[in-house]
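Start from the sequences, fold in the hints, and give me the full structure.
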Amino acid sequence: MSEQKHTPSSKDFLQNDQFIEWRLFKSEESERYWENYLLEHPECADALQLAIRKFEMVKVNNNDFVDHEKTDLYDRLIHNIYRNKYRHRLAYVSAGIAAAFIAAFILLLSFGDHLKIPGKKEIVVAPPKSHKNITFYANGEGFEFKQGDTRFELLPDGKMIVSDSMRRQTLNIGTKTMGKLVVPAGKRSFLTLSDGSRIWINSCSEIEFPSVFSAEKREMTVHGEIFAEINRDETKQFLVHTSLFHIIVHGTSFNTNTDLEFSKGSVVLVNGSLSVKTLEDQTIQLNPGQLLTINGTDYEKRTDINVEEYTCWKDGKFIFNVAPLSTMLNKISRYYDVSFRFDQDLTQMEKKYSGKLYLSENIDSVMVSLTTMTSTSFSRKGKTIFISGKDN
Amino acid sequence: MFNLFRQKNSSGSDERTYAQLYRQYAKDLFSYGMGFTASREDCMDAIHDVFYKLYFTKDLSSVRNIKAYLLSSLRNRLLDIARNKKKTNPIETIKLSFQTDVTVLDSLISEEERKLMFCKVEKLLHSLSEHQREIVYLRYMQELEYEEIGQILNIHPESVRKQVYRALSTLRRLVAL
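Listed in order, the protein sequences are those of chains A and B. The numbering of the first sequence is the working numbering, which starts it at 1 and goes up by one. The numbering of the second sequence is the working numbering, which starts it at 393 and goes up by one.
Hints are supplied without guarantee of correctness; some may be wrong.
[As the list claims (entries may be wrong)] Here are some chain B residues the structure puts well away from chain A; computed CB gaps all over 12 angstroms:
| no. | residue |
| --- | --- |
| 1 | Ile458 |
| 2 | Gln491 |
| 3 | Ser551 |
[What the hints assert, rightly or not] Mimicking EDC-like on lysine to aspartate or glutamate, the simulated pairs with C-alpha atoms at most 20 angstroms apart in a straight line are:
| no. | chain 1 | residue 1 | chain 2 | residue 2 |
| --- | --- | --- | --- | --- |
| 4 | A | Lys59 | B | Glu514 |
| 5 | B | Lys419 | A | Asp72 |
| 6 | A | Lys356 | B | Asp420 |
| 7 | B | Lys445 | B | Asp420 |
| 8 | B | Lys512 | A | Asp17 |
| 9 | B | Lys419 | A | Asp64 |
| 10 | A | Lys317 | B | Glu505 |
| 11 | B | Lys507 | A | Glu56 |
| 12 | B | Lys419 | A | Glu56 |
| 13 | A | Lys70 | B | Glu522 |
| 14 | B | Lys515 | A | Asp17 |
| 15 | B | Lys515 | A | Glu56 |
| 16 | A | Lys26 | B | Glu433 |
[Stated by the list, open to error] Far from chain B, some chain A residues (derived; all Cβ distances over 12 angstroms):
| no. | residue |
| --- | --- |
| 17 | Asn80 |
| 18 | Asn172 |
| 19 | Gly186 |
| 20 | Gly389 |
Honestly, the hints are just simulated from the structure, not real lab data. Since we're looking at a predicted model, the values are computed, not measured. The beta-carbon is built from N, C-alpha and C at its ideal position, and this holds for glycine as well.
Now the structure itself:
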């Protein structure tokens, strides 16, 4: 062993890979190694202890309930337990999507690939800019919510609960009010309608809806991308209006996405049933697992798709199946509200890749995955990301 | 506390001990569950189901470690939920993907050290397989023994030890380059 010029500091330990491995894995081998190390170098005890305490600041998946989530969940739990006890029946209930009377669909208003090519040989991919924060409009007023994870829940009495990781507030918007929710780039939201139907709203989307559904029908208007789980109600139809088509829901889980600029839209039905009425008054019936794409006046129905590719955004990931780089960058730019500058020629943008991207809170993690997948490299300055080919 | 619950459950459940169990372990379940889904709603639904089932489970005599038992139940429940979602594509086998997210709290350390540790740990985790990452999470964050980790992942504790060994060998190779 070479002469050490100085006793290691806590910082030295923190840079040592063996130290890091030890603290993360705590394998028997590493425990013995460090026990031994301490015996041979007792002068390092303090520095080592400090390094250990500092390393404890490293957290993996440091998620926790926020605000009332933990207690609300417990209330729901107890409520269901007592309901079951009263009925003398043992059932494994899931309050989630397993409930029998839900229609879930995905409305995809496909965002055209916006590629701007300024003067130089540089390609820019940037999200459409409108609002900065999630905004809710009702009764002529606009309410802006700075938190990226703001969720909305409509109650049957005309009140709306707005909650995020910091707080929870109740707005009284009235029972005969039309509301509009605007979700800009970099944000996503979640809305529970007055009948309990759940809507996940993706970045760059808007949705208009009544605070309380009328007695005859349930309807809403959507621009952009949502994933909806519509509660079945035999007495009341559920209509979804977009600028390209109308969806008549019988009870479904679906995803729908429409883009005005390119007149392209699609609907993916997860389960249940629905029909789509085009602007030419044609009615197309969809079965679960089917994708309907509408391009101007043409439409195409496909059954050979992987539904998850279309719905995964709501679960915090993107699944690409032989998708061009331009599409991938477009999706990321909208999801995180970042712009890309790419100094390669256009053909590089059309190179196709397949893979999964987990959409963590940290854009840099996502970029590491993306660049690994596509053999490129990146650097970021604030909200602008520069991408170059790896050979550079 | 769990033993108390166990006794009371066989005779007739006690809500207070049940509430204590929830208070103690809900956060761990939430943290673990969020590694499999980005949807807080889905995660909380699964936690609801785990505790709901626990309430009505009569025979808990074989449970040695309640935390491992709950985490295991959660994993299985999330697997079931994923399986139900994929009913339209029955050919695919269901596997749960565990995602890790590194954060470094900023007390005790400088911004420089924080960035350093973040990069090192991120890079290290990136070099591991998803399976190995899950093991690291369960060992480091949940502080579970190999046996308990094996119980949760449905593998032999020896297999866990081997995975750890393989992970460390990968890292040694990286360092040697």
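Fill in: Hint check against the structure, violated hint numbers in rising order
2, 6, 10, 13, 16 and 17
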